[in-house]
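> Each chain is listed here by its residues.
Number of protein chains: 2
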Amino acid sequence: MPTASNALPGSTGDAIRADVAVIGAGVVGHGIAWEIQRSGRSVVLIDDAPGAGASWAAAGMLAPVSELHYQEEDLLDLMTEASSRWPGFAAGVATAAGAGTGYLTTPTLAVGIDAADRRALMDLRAVQQANGLEVQPLTVREARGREPLLSPAISCALDTPADHQVDPRRLIASLRLALGGAARETPELAVAGAGDGYAVPERAAGLLWEGGAVAGVRLAGGGTVVAGETVVANGLHAGSLDGLPDGLELPLRPVHGDILRLSVPQHLRPLVTATVRGLVHGIPVYIVPRQDGTVVIGASQREDALSDAVSAGSVYQLLRDAQALVPAVAELELLECTARARPGTPDNAPLLGRVAVSPGSRDPGDGHVPGLIIATGFFRHGVLLTPAAAAICTALLDGAADPRWAPFSPDRFSRPAAAVPSPHMKETA
Amino acid sequence: MPTASNALPGSTGDAIRADVAVIGAGVVGHGIAWEIQRSGRSVVLIDDAPGAGASWAAAGMLAPVSELHYQEEDLLDLMTEASSRWPGFAAGVATAAGAGTGYLTTPTLAVGIDAADRRALMDLRAVQQANGLEVQPLTVREARGREPLLSPAISCALDTPADHQVDPRRLIASLRLALGGAARETPELAVAGAGDGYAVPERAAGLLWEGGAVAGVRLAGGGTVVAGETVVANGLHAGSLDGLPDGLELPLRPVHGDILRLSVPQHLRPLVTATVRGLVHGIPVYIVPRQDGTVVIGASQREDALSDAVSAGSVYQLLRDAQALVPAVAELELLECTARARPGTPDNAPLLGRVAVSPGSRDPGDGHVPGLIIATGFFRHGVLLTPAAAAICTALLDGAADPRWAPFSPDRFSRPAAAVPSPHMKETA
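Same order as they appear, the protein sequences are chains A and B. To convert, note that position 148 of the first sequence is 148 in the working numbering; the numbers rise steadily by one, no gaps. Each number in the working numbering corresponds to the 1-based position in the second sequence with 1000 added.
One or more hints might be untrue.
[Stated by the list, open to error] Per label pair, the in silico range of CB-to-CB distance: (1) A1115(B) x E134(A): 51 to 59 angstroms; (2) A115(A) x P1148(B): 52 to 60 angstroms; (3) T105(A) x H1281(B): 57 to 65 angstroms; (4) A406(A) x I1283(B): 56 to 64 angstroms; (5) H1281(B) x L268(A): 54 to 62 angstroms; (6) E134(A) x H1281(B): 41 to 49 angstroms; (7) H1281(B) x D77(A): 46 to 54 angstroms; (8) G293(A) x P1137(B): 46 to 54 angstroms; (9) P407(A) x P1148(B): 47 to 55 angstroms; (10) T1106(B) x S240(A): 53 to 61 angstroms.
Hints in this document: simulated from the structure, not taken from any laboratory. Think of the CB as a built atom: it goes at the ideal place given N, C-alpha and C, for glycine as much as any other residue.
Generate coordinates for the entire structure from the input sequences, incorporating the hints supplied.
What follows is the structure, encoded as structure tokens:
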């Protein structure tokens, strides 16, 4: 139940009004907003720092094959679905924006350094093959024929042709052009009071309620957005929104990652043509080549207290392990060290869908909270999963829920409301 | 001989006029300008990017003992002279500015990792002792008693109590306050047309001549500074000034250095209390602790083509070797990676003093070019040598040349003018 402060005010004369409000302007929020706008709905995207969260650090690997982990087959289905949507999604954004996204279908090479790395990658290949995924072992000579700067000391290399890449910063820039362009060209899609007809550069403080339905967003600056549907896509911050449905648990935790951007001197270009994903004495590292002559090296996974601070130990380890794969990394120019937190969940899968009226009741007859969709907890997979999340959210607006995605229900970690003390009930008592 | 374009224009009505013009606003140029201003002369400091060159990267170690190299005893005299001036210089700046410089007399600890490092440090100690410098071996237990976060795997530690530090960025900020404050308080020191009464934020293009004397500076923007004396203190750029005396060779070369700034988490403070200078399998690295809870780790020496670009290989090596000395470096936050070029000379000693009318003639009866002092080529020692350079330049303005500093004559690499083709003579022919 909402508290009084979250009730839709009687007079909302100054409110921004849109068909749909999307909270959170990372890659996922941008992709969802664009797909919703394409479905003919007016949309606002609410964020005081668009693209500055986990998306700012993301390498943009689109790697359903390499990212397969044991016993995460549900997630594999979602990743495969997303992967199949990427060509059309990227082409659509590029056409609408008149600008590219850095989407490249160059392959990925999985590389190990020692015998244990080789065994781990071959074991994973067995799982990948069992799931119908193509992973082809190469000899070291074949691998170095393709990528001459690979170290001769590698223990194995596997070609993974289905794992691709996009440039998340370019993707967001193009999605912004596409969103603004559509609002400019189609008056009924333009939202009055929003920048470029769609952008609300403010922090979302909480959800607004009217009756038993979510009716929009309360902004930290005091304003309101009135919307028929609200999508919560602000990553780690989703759990701290005010006015979430009672009993809904969003168990998000920050998993920090450090990532490096480097420039390849002319005489070493291209450093590599494929994305190189290494296992270096058991530690993962990747090198993603961009079209502009830079490479991205990542990424650590830390659950320590450094927050968005860059870890000296992680930078050291990334440079050490990347040099083990490609020794010429030592000769690159270090442009940028960035750290951000990814929104992790207990099962490494997203929180995606509508919320039951009694979260956690597991009663199939239970209806959903009207006006609310959750789309967060994408952890390491936010960029890859964006086209799928966008399609799923848009289908939910149309009333079409695909049972394949039921495992990602955002209230799967919630207990029945009666079993937990409700902070809102306490506040209103 | 000056060319026509370097001749003092007949009408210099719009010129900035000062007793002394200093070209180059690094630590050295600032220090010289301040000392000259203190001597009662009006001064301008010409630079379009004050403090942004080698000074921006400098760690600020004041280490005459640790920086002693074999067969550089002349330089040792100058470093010792500078070191003895530092307490008074730092106190004077701080008093005049009403702001500190980060000058600290905490000791330096020289630390080796393997047996060869130990031998190298003990050999250097013999040279240091032969020159009357105090370097005291400690047991590893004693060293770790003082610095508990030192690695237990070090092979030796030597206490060097006379090697201190300053914060170059704070020093420049305070020197700017001091220069501006004096110009504000003493009208005859304020230069009309200069910012804060002393700053000319433009690039110097060349020297102006009148008769056989340097008469000021031509600015890249077209303006002029007319000054009775000009000090050339713009580091690597000194050699490319237009209108240098015919035959004067300033053989400066860029020696790039990468340096890191890191923040120490509260629970690890202080990481170290002394400056730690390590020799790690023969490679030098240092860790300089600042009062604000940060540390500086440096510095590579590269003569490659990366210019002010940060070398990934150097960052890796600095973090690797700093961790060998103090493993907890891995837990620090990496704030900044910076690279700059130091102005190296063939004998690693500065180019400091007046220039003979016939550079390289070695004729003791030869006079000096009036109105011109050179102060560049400080290589790794710019910050340490600043108070000495400032005192030497000011003494030269007073007509007092100390024969101890004759070895640093800026024309010591020049050949007699008749033996070299003069570009100026060609131009005017």
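> Decide, hint by hint, whether the structure agrees.
Hint check results:
For A1115(B) paired with E134(A), a C-beta distance near 53 angstroms keeps the hint of 51 to 59 angstroms intact. In this structure the hint that A115(A) and P1148(B) lie 52 to 60 angstroms apart at CB is violated, the actual value being about 39 angstroms. For the hinted restraint 57 to 65 angstroms between T105(A) and H1281(B), the CB-CB distance of approximately 44 angstroms leaves it violated. In this structure the hint that A406(A) and I1283(B) lie 56 to 64 angstroms apart at CB holds, the actual value being about 58 angstroms.
One distance hint, 54 to 62 angstroms for the beta-carbon pair H1281(B) and L268(A), is violated here, with the actual separation near 27 angstroms. Judged by the Cβ atoms, the range 41 to 49 angstroms given for E134(A) and H1281(B) holds: they are separated by roughly 45 angstroms. Taking the beta carbon of each, H1281(B) and D77(A) are about 51 angstroms apart, inside 46 to 54 angstroms as hinted. Between G293(A) and P1137(B) the beta carbon distance is about 50 angstroms. The supplied range of 46 to 54 angstroms therefore holds.
Between P407(A) and P1148(B) the beta carbon distance is about 51 angstroms. The supplied range of 47 to 55 angstroms therefore holds. Checking the proposed 53 to 61 angstroms range against T1106(B) and S240(A) shows it is violated: the Cβ atoms sit about 44 angstroms from each other.
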